[in-house]
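Asks: Here are the chains, one letter per residue:
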Amino acid sequence: MIELTNLSKSFGQHIALQAVTLTIGEGECFGFIGPNGAGKSTTMKILAGLLTPTTGSAKVCGRSVITEPDAVRPLIGYMPDFLGVYEDLTVDEYLQFFASAFLIPRAKRRSTVDGVLQLVDLTDKRDAMVDSLSRGMQQRLGVARVLLHDPKVLLLDEPASGLDPRARIELRELILELRRMGKTLMVSSHILSELAEMTTSLGIIEKGRMLFAGSVEEAFRKANIGDRIEVKLELEPGSDVRGHHMAMAERLRRDERIAGAEFADGTLLVDLAATAEGGGHSHHFLIAAILEAGGRIAAFTPRSVKLEDAFLRLTKGALN
Amino acid sequence: MAGTNDPVPTDEHGVPLPVAQAADGPTAHAAGTLTIPEPAPRRRGDALRGLFLGPVFWRDIRIASRTRATYIMRGVVVLVLFCVLAIAYAAVHAEADSRTSPAQRLQELQVIAPALSITLMWFYFTVFPIMAATGLGGVALERKRGTLSVLAATPMSPASIVLSTMTARLLQVALLFGATLPAVIIVAGYGGMETASVLTGGAIILSTIVLAAACGSFGSVLAKTPASAASTGISLLLLVNFYPVFIMMIAALFGAGGAFMTGGWMMTMFMASPFFTLLATDGIGAGGAPFYTPLWLHVAVSLAISGGLLTACVVRWRPIVRGAMAGPPPKVRLSRKARRAAAEAEAKRLAAQAAVGSPSLAAEPEPGVAVELPAATDSTVRTASASRTVGDQPVLWRELQQLIPWKSKKSLVISALPFAVLGIIYYNTKPGDEGVVTAVSLFSLAMGVLACCGSASGSISSEVLGRTLPLLLTSRLNVRQILLSKFLGAWLRVWPLAAVTLTAIVVSSLFGGVRIIAVVPILMIFAAATAMMASASLLGAVLFRRPSMAGWFAVLCGLAIWAMPFPAIGIVYLLLMGSRGRGPMEFFDVFCSFNPFYLMGETVSQLERSSRFSVRWPSNAQTGTDVWILILALFVAAATVWTIVALRLARSRFETNVLKRLV
Chain A
374 MIELTNLSKS
384 FGQHIALQAV
394 TLTIGEGECF
404 GFIGPNGAGK
414 STTMKILAGL
424 LTPTTGSAKV
434 CGRSVITEPD
444 AVRPLIGYMP
454 DFLGVYEDLT
464 VDEYLQFFAS
474 AFLIPRAKRR
484 STVDGVLQLV
494 DLTDKRDAMV
504 DSLSRGMQQR
514 LGVARVLLHD
524 PKVLLLDEPA
534 SGLDPRARIE
544 LRELILELRR
554 MGKTLMVSSH
564 ILSELAEMTT
574 SLGIIEKGRM
584 LFAGSVEEAF
594 RKANIGDRIE
604 VKLELEPGSD
614 VRGHHMAMAE
624 RLRRDERIAG
634 AEFADGTLLV
644 DLAATAEGGG
654 HSHHFLIAAI
664 LEAGGRIAAF
674 TPRSVKLEDA
684 FLRLTKGALN
Chain B
10 MAGTNDPVPT
20 DEHGVPLPVA
30 QAADGPTAHA
40 AGTLTIPEPA
50 PRRRGDALRG
60 LFLGPVFWRD
70 IRIASRTRAT
80 YIMRGVVVLV
90 LFCVLAIAYA
100 AVHAEADSRT
110 SPAQRLQELQ
120 VIAPALSITL
130 MWFYFTVFPI
140 MAATGLGGVA
150 LERKRGTLSV
160 LAATPMSPAS
170 IVLSTMTARL
180 LQVALLFGAT
190 LPAVIIVAGY
200 GGMETASVLT
210 GGAIILSTIV
220 LAAACGSFGS
230 VLAKTPASAA
240 STGISLLLLV
250 NFYPVFIMMI
260 AALFGAGGAF
270 MTGGWMMTMF
280 MASPFFTLLA
290 TDGIGAGGAP
300 FYTPLWLHVA
310 VSLAISGGLL
320 TACVVRWRPI
330 VRGAMAGPPP
340 KVRLSRKARR
350 AAAEAEAKRL
360 AAQAAVGSPS
370 LAAEPEPGVA
380 VELPAATDST
390 VRTASASRTV
400 GDQPVLWREL
410 QQLIPWKSKK
420 SLVISALPFA
430 VLGIIYYNTK
440 PGDEGVVTAV
450 SLFSLAMGVL
460 ACCGSASGSI
470 SSEVLGRTLP
480 LLLTSRLNVR
490 QILLSKFLGA
500 WLRVWPLAAV
510 TLTAIVVSSL
520 FGGVRIIAVV
530 PILMIFAAAT
540 AMMASASLLG
550 AVLFRRPSMA
560 GWFAVLCGLA
570 IWAMPFPAIG
580 IVYLLLMGSR
590 GRGPMEFFDV
600 FCSFNPFYLM
610 GETVSQLERS
620 SRFSVRWPSN
630 AQTGTDVWIL
640 ILALFVAAAT
650 VWTIVALRLA
660 RSRFETNVLK
670 RLV
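Order-wise, the sequence lines are chains A and B.
The letter at position 274 of the first sequence is residue 647 when you use the working numbering, and the numbering goes up by one with no holes.
The letter at position 440 of the second sequence is residue 449 when you use the working numbering, and the numbering goes up by one with no holes.
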């Protein structure tokens, strides 16, 4: 559905994108992760036809956004990171305005606007002035706007930024609903935990270079991240807590099934390496290894692995 | 912050130094310690420096020095100045050339130096105060950038922020003056003016520049956007300069006699106005009769008004900051239906509360059980009485919405005001008076040109600032449609002003004044001039980021369109009139008359019922209508060509200039 091939974009001396290649299939929800200035918004703007790439090609549904922008526009719905509002329009007029801009026939506009307002649960705000809506409502209105012309691909740039927890949850539900509707989504966000719940695949970009693109499981596998275990050792009173734990960490690191071990806040944090299939190793070997090393386990707590860890692992020093 | 491996600074004995001595900035060399150095002791003059040359001053200077538009503006001003001087020189020289005797020619050439000096003085008086008044974004710009709250949270005083912004602007004007120094040297080379006149003129211009900067600052406090701040500043400046004329007009409307007009009180008011004081100085320089009050009094009045305006800025600063922090304005515009629904909901809520009992007596919720919160109040959400239906050209539709006078009481009053003034004028004058038609048509044209300039120049930047341009560009509308809609919107929005002129012509025609046919050329001139300015402003909006720069660009384009066809008209004129023995002075008259204001006034005179359908022009000579029609046709043609060229240029530069701002 979306194909980027060797896409590059430079602004004078600054290289915003470097040979980005990416394919997103139909119905996928692609999470786009990267630090500020990494090139996420630039990629989305190129796909939306707002920027022309320096080199490379970008296609949506097989149509080039560079040579056939007029054909691509009806296929995409682009929501920038900050909703642009006209101060003097109501919610209904705002949506009618863009319905008209998308050449939706006048006879169909009313029902279309009603439909999208219902979907985003803003029907009772129909006559409210757009600029007086809360940020969460404005974001929902933004989603309503991109759905007006029923595009196949939705490009949502930081849709959850600046929202309160309730608004975030509502927006996440809305995006999941869009996924169920069969839309192909490209969502960029800094809130990685939410992306993990929404997306079927993800891409990690840093300094304009695509470091990773694939499924969430593949990301964990590539980052060599399995489960994380918090271990607390039982020690004699007065003994060197730090020294004992550090020594144990050093010993555990020699095991190839362990990706990392460190001492922090009085506990030993052990990251298990991912298996070839992308899953984690069982925890028994770790218990056995600690006991074998003479350690006495006071607490053994498996923690769920987060997308943040994979992100940090994949971006750490990748470009140095 | 120092890294963990950084050595701790020590003295010659290896004893660690106190942190404040070790470094100038905030330093931490032991884990968890952070020491802010003591502020430097205050020196004499620091307070004054902080007030006028505070951090805001340095920020604005740095920004201006990095902006390409600053240098373009300087270059353009110098270019325009030399053009103006060349025209002034040509005018005097042409006059001298037409004399036959060498003695007469020499005598005329002696007039050149004072004429150039006066031109230079008026140029400075016109351009510099306008630049000082328009370049100050002030509070409006800070609010638009979102930096108002950041500034308000610093220890800087409002006075420092306001005055430093103004000083930065004044420095820019001073640098601009520096750029035009070669022109001053050239004029001085010709002999210049009397020292007293230069000093007098200089004092008036300087005090006016300060006054203009104060007007700009005050405008920024009153207005919401930088564009409206600039227009408010200009309006205030015009008011300060021409208020005696307005008072005279109002007095005349209410039947005041000559004694009032020529009384000492009226004369004093004239001398408080910078424009009329400079006019008097200009007269003295050119050997005119003294019409004068003490200069120091005038300068003192100007500076006092400036001080008053700046004090008002400082006083208004805190409420504005508080207003900006409070979020959306508390004014809630509810429809009658919505008010009724809200009242019913409130009644139900009170009834339910009464049935359950006081909320304070309600039982404590069970631990772990979710408490149902009352629905969030939407007190900040404003609602309209009803939503309108959007047309098939959405951008044009939205632009034209601004036209509808009954949208709000304020717009209704503003729309009715010109007609009310027209009514008062007719009450006090003869309805068929040609002068009324001339005044109304000129006023409408001036307002129309200014309004076109303002609305078109802000149209693109408001879309960029409001972040709505990317949304438009990703819709099915293309750039051509958007620009054309913006142009038509800005152009059509000023047509209600033409309706006022139309009313004046119809009334005059009914009472035996101008011929009804005058409607056609007057509307042609109005349409051509406003279209030209709207397209120039739109092109400026595409080329420049700031609406004020776009407005300036439009004004310069307007001047250019009047100056560019000079050679073309000259050739045509010489071909047509050369055989009739017309001289270069008349050639110059043709050039000067190639502007819509002159044409508008001339058209009314031409089509006055009492006169023959003939031209008293140029130089009040009785000639045929051919030249007037030729100039009118040329003006309309030039404006049309310019409009098309400007729109095409805007279209071609859009991607390079506007899309770059979206990144």
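It is worth saying that the hints were derived from the structure and are not from the lab.
Please note: incorrect hints may appear among the correct ones.
[Said to hold, decoys possible] For lysine-lysine, the following BS3-like pairs were computed, each having C-alpha atoms within a straight-line distance of at most 25 Å:
1. B:Lys669 - A:Lys580
2. A:Lys580 - A:Lys432
3. A:Lys432 - A:Lys481
4. A:Lys432 - B:Lys669
5. A:Lys580 - A:Lys481
6. A:Lys580 - A:Lys595
[Stated by the list, open to error] Only some residues are given here: those of chain A computed to face chain B with a beta carbon under 10 Å:
7. Tyr451
8. Val458
9. Asp465
10. Phe471
11. Ala474
12. Phe475
13. Met502
14. Gly515
15. Val589
If you're wondering where the values come from, they're calculated on a predicted model, not measured in any experiment.
Ideal Cβ positions, reconstructed from N, Cα and C, are used throughout, including at glycine.
Asks: Hint by hint, note whether the structure agrees.
Replies: Hints and how they fare:
| no. | hint | in the structure |
| --- | --- | --- |
| 1 | B:Lys669 - A:Lys580 | 20 Å, holds |
| 2 | A:Lys580 - A:Lys432 | 22 Å, holds |
| 3 | A:Lys432 - A:Lys481 | 29 Å, violated |
| 4 | A:Lys432 - B:Lys669 | 22 Å, holds |
| 5 | A:Lys580 - A:Lys481 | 44 Å, violated |
| 6 | A:Lys580 - A:Lys595 | 19 Å, holds |
| 7 | Tyr451 | 4 Å, holds |
| 8 | Val458 | 7 Å, holds |
| 9 | Asp465 | 4 Å, holds |
| 10 | Phe471 | 6 Å, holds |
| 11 | Ala474 | 4 Å, holds |
| 12 | Phe475 | 5 Å, holds |
| 13 | Met502 | 4 Å, holds |
| 14 | Gly515 | 9 Å, holds |
| 15 | Val589 | 29 Å, violated |
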